[in-house]
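Enquirer: Read off the chains here:
Number of protein chains: 2
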Amino acid sequence: MLIVNTGEGKGKTTAAIGQIIRALGQGFSVCLIQLFKGESFYGEQKILTKLDNLDFFSFAKEHPYCIENVTLQEASEKCKDAFNKLSELSNEPKKYDLVVLEEFNIALRDKFMEKNATIDLIKKLSEKSNVIVTGRGAPQELIAIADLVTEMKEIKHPYNKGVKAQRGIEF
Amino acid sequence: MLIVNTGEGKGKTTAAIGQIIRALGQGFSVCLIQLFKGESFYGEQKILTKLDNLDFFSFAKEHPYCIENVTLQEASEKCKDAFNKLSELSNEPKKYDLVVLEEFNIALRDKFMEKNATIDLIKKLSEKSNVIVTGRGAPQELIAIADLVTEMKEIKHPYNKGVKAQRGIEF
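As they're listed, the protein sequences go chains A and B.
Taking my numbering as reference, the numbering of the first sequence is continuous, increasing by one, and the terminal residue is 171.
Taking my numbering as reference, the numbering of the second sequence is continuous, increasing by one, and the terminal residue is 342.
Bear in mind the hints are in silico, worked out from the structure with no lab data behind them.
These numbers were taken from a predicted model, which means no experiment stands behind them.
Check before you lean on any hint, since a few could be wrong.
Listed next, the in silico EDC-like pairs over lysine to aspartate or glutamate satisfying Cα-Cα at most 20 Å (straight line) [unchecked claim]:
(1) Lys266(B) to Glu233(B)
(2) Lys327(B) to Glu127(A)
(3) Lys332(B) to Glu127(A)
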């Protein structure tokens, strides 16, 4: 099954994290490949790294739009490691019941990964494992092959009133 | 902060679970009050009950629309315990950094809890703790007082193609 969490609203990543917890509770083996997320910054990282049956990989920890002094070229280079990991999982025998590809939609949007090649690998992987892809702006080609697509739609957000991101809620 | 996860799409509960994991990772104390969810059925229950700093309460485990031989009257009676727990948390000094009220929107929709009284308690609680309320059909009165509202919007769902709920994904 191929699941996509997209949209401008909150909940794409937390829903994937919740899905990991649900899957682990059912005895699934899980792999999380995270992009653009600084280490030991997000609260969930501290809990997830302690859980059994979960392999956690983090690549391209800094996105050039968020962190100064990171070039598009550097981000693109680092995303190659994530692409290679995805390629390994797609081409080798099934290792995980669930694979979460966090913020891969952003890597595709920003052309840090080649769209057709990445989507081909995701499709291949989803034929043996459940796969969740998160990030705003999911490409239409990915939506077309997905089984379940949810748009997290922002109805109301405190950022629009100038409230800053809060520890424990946004990270 | 008062957060509402609503809409017909997937991800309302899993996003709340992910939020719990994030909050626990930041050292928050968390309380989860769950409605209409059978024990040891959902994968997340097996993981959450093992985590520190999380108090987990489950009331009205059977919803009459899902489980035969449960009357509306019985569900309504059992929801009183959840209302009383909410009342206790709202009226006593702050005990938790985050309180998750799972499927409370459904209890309000089905009139198992009195709407105005419940929303007053939620508002009071959200003045000292972060509160997340989940469930489709969030009442307008709750949306009006919330800080952050996300609609999980179904773009594509395999149920519409006749696929059954899958272990590790839907429960």
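Enquirer: Next, verify each hint and record whether it holds.
Expert: Comparing the hints with the structure gives:
In summary, the hint linking lysine 266(B) to glutamate 233(B) is not supported, as the alpha carbons are separated by about 28 Å, beyond the 20 Å threshold. Restraint check: the Cα-Cα separation between lysine 327(B) and glutamate 127(A) comes to about 18 Å, which is no more than 20 Å; the hinted pair holds. Among the hinted pairs, lysine 332(B) with glutamate 127(A) is consistent with the structure: their alpha-carbon atoms are about 17 Å apart, no more than 20 Å.
Hint 1 from the earlier list is the only one contradicted by this structure; the remaining hints agree with it.
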